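Based on these hints, arrange chain B on the given structure of chain A.
Protein sequences, first through last, are from chains A and B.
As numbered in our numbering, residues 1 to 153 make up the first sequence, in order.
As numbered in our numbering, residues 1001 to 1254 make up the second sequence, in order.
There's no promise every hint is true.
To be verified - Per the computed footprint, the stretches of chain A lying under chain B, defined by three or more beta-carbons under 8 angstroms from a beta-carbon of chain B, are:
#1 72-84
#2 87-99
Claimed, not checked - Beta-carbon label-pair distances, calculated as ranges:
#3 B:Arg1171 - A:Thr135: 25 to 33 angstroms
#4 A:Pro41 - B:Ala1082: 19 to 27 angstroms
#5 A:Phe145 - B:Tyr1107: 54 to 62 angstroms
#6 B:Pro1244 - A:Gln121: 44 to 52 angstroms
#7 A:Arg94 - B:Thr1183: 55 to 63 angstroms
#8 A:Ala72 - B:Gly1231: 24 to 32 angstroms
#9 B:Arg1171 - A:Pro21: 35 to 43 angstroms
For the record, the hints were derived by calculation from the structure and aren't laboratory data.
Note that the coordinates shown come from a computational prediction; the quantities given were computed from them, not determined experimentally.
Just so you know, even glycine gets a beta-carbon here, dropped at the ideal spot from N, CA and C.
Here are the chains, one letter per residue:
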Amino acid sequence: MTDFHLAQMNTARLRAPMEDPSNREFAEGLALMNALADRSPGFVWRLAGENGDGTIHAPADPHRIYTLSVWATPEHLRAYAYQSQHLEYLRRRREWFHPHGPEAALVLWWIPAGKVPTLRQAISRLGRLQADGPTPEAFTLREIFPAPELSRS
Amino acid sequence: MRWPRWDPTDDAPTRTPEFAWTSSGGSTSSDKPGWQYDGRVTTEDLHDLDALASLTDRVRRRAYRLVADGTGPVGRDEVAEALGVGRTLAAFHLDKLVAAGLLEVSYARRSGRTGPGAGRPAKLYRPAAAEHAVSVPPRAYRSAAELLAEAVEQAGAEGTLHQVAEKHGRRAPAGADVTELLTAQGYAPAAAGPERIELRNCPFHRLAEQFPPVICGMNLAMVTGLLAGAGLDDEWEAGMDAAPGRCCVALSKK
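Chain A extracted, bound-state conformation:
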């Protein structure tokens, strides 16, 4: 039984509005990939968003979208993101998204199992990653930090 789960948030900036025909395959892929995540081992939770498709659009910049989800372990997230049909969508991401340049676009952190992260917390974690580089409080799949250990009595 693990005490902590892995929260992940990633963000990207669309090249065109979501409803633009150029985003059709991306939009269709959202439902498929959400369904794939739902049946993937280790998937815990996602923020559904207003559209229910798992994308959250920033109020100040509708081209800016976020996804926020919780996984049992980094290995579960990695298996879904990189060892499934999802990788093909990642491969094609430049068709739909601007490059993120030197800015951090994905952040991971540990949360107590059963808790649900908020987008505000996630954006704050992304800021920490951007400012300090990977730390146990905000890291990436390229540099994973182990889950905190709860002291047991």
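Quick look at chain B alone, frame taken from chain A:
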């Protein structure tokens, strides 16, 4: 991933080899070489050298190849039979490869029986996940590749990378056999039925783990180019089919 060890004194130009392998203590034993590398070698490097040196024995090298090319864990009996040597000798070499860190051991009952009377689980061998490279003079191409991959990702230059990779792939010799073509590139192709070929080795594995969209995309473009260059693209098509334990690209019959 952390930054590689950075030694500010180790920025010598590449004109001449400025170091030598020297034997400390004058030992002539090849099993435990007392090599020292001018004080600049790390223990990791020596470990890699030990691992690779264990492959100099021909029988052992064939045993390693056999396990590495297999589709799953292999027992000593299979290795002994394939190499035409005794089971004891096969087990000796396999265990040497385990000690060197090139193979890993697992145990499983091969008969499918369980419970009392099912017999002892068989000792099975599979390739270890660790990678070993020794370079003389020291070279850090992997570090360079990581920097380039990160730059491509940040700049969003994946499209250019795909074009370059496909163009390079197209240099493949025309008329090559599909298995030979992919084997020569290190992909370890294996037929999965008559209509499909899976690639059991990813030549870019470590980099692909760190930058999956960039490197797997590059890989797909490269395999697509190889098929075109060899004139096999009217018969086979490469596509993304990511799964654990093998290359993210698979080939399907058109």
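Hint check:
1. Coverage of a stretch by a chain is defined here by at least three residues with a beta carbon nearer than 8 angstroms to that chain's beta carbons; for the stretch 72-84 of chain A and chain B the count is 5, and the condition holds.
2. Counting residues of the stretch 87-99 of chain A whose CB falls under 8 angstroms from any CB of chain B gives 8; the rule of at least 3 is met.
3. In this structure the supplied range 25 to 33 angstroms is violated for Arg1171 of chain B paired with Thr135 of chain A, their Cβ-Cβ distance being about 45 angstroms.
4. The beta-carbon spacing between Pro41 of chain A and Ala1082 of chain B, approximately 36 angstroms, falls outside the hinted interval of 19 to 27 angstroms.
5. Roughly 33 angstroms separates the CB atoms of Phe145 of chain A and Tyr1107 of chain B, a value that falls outside the hinted 54 to 62 angstroms.
6. Look at Pro1244 of chain B against Gln121 of chain A: about 31 angstroms separates their beta carbons, and that is not inside 44 to 52 angstroms.
7. At about 32 angstroms, the CB distance of Arg94 of chain A to Thr1183 of chain B disagrees with the hint of 55 to 63 angstroms.
8. Checked against the hint of 24 to 32 angstroms, the pair Ala72 of chain A and Gly1231 of chain B fails, with Cβ atoms roughly 47 angstroms apart.
9. Roughly 37 angstroms separates the CB atoms of Arg1171 of chain B and Pro21 of chain A, a value that falls within the hinted 35 to 43 angstroms.
Going through the hint list in order, the structure does not satisfy hints 3, 4, 5, 6, 7 and 8.
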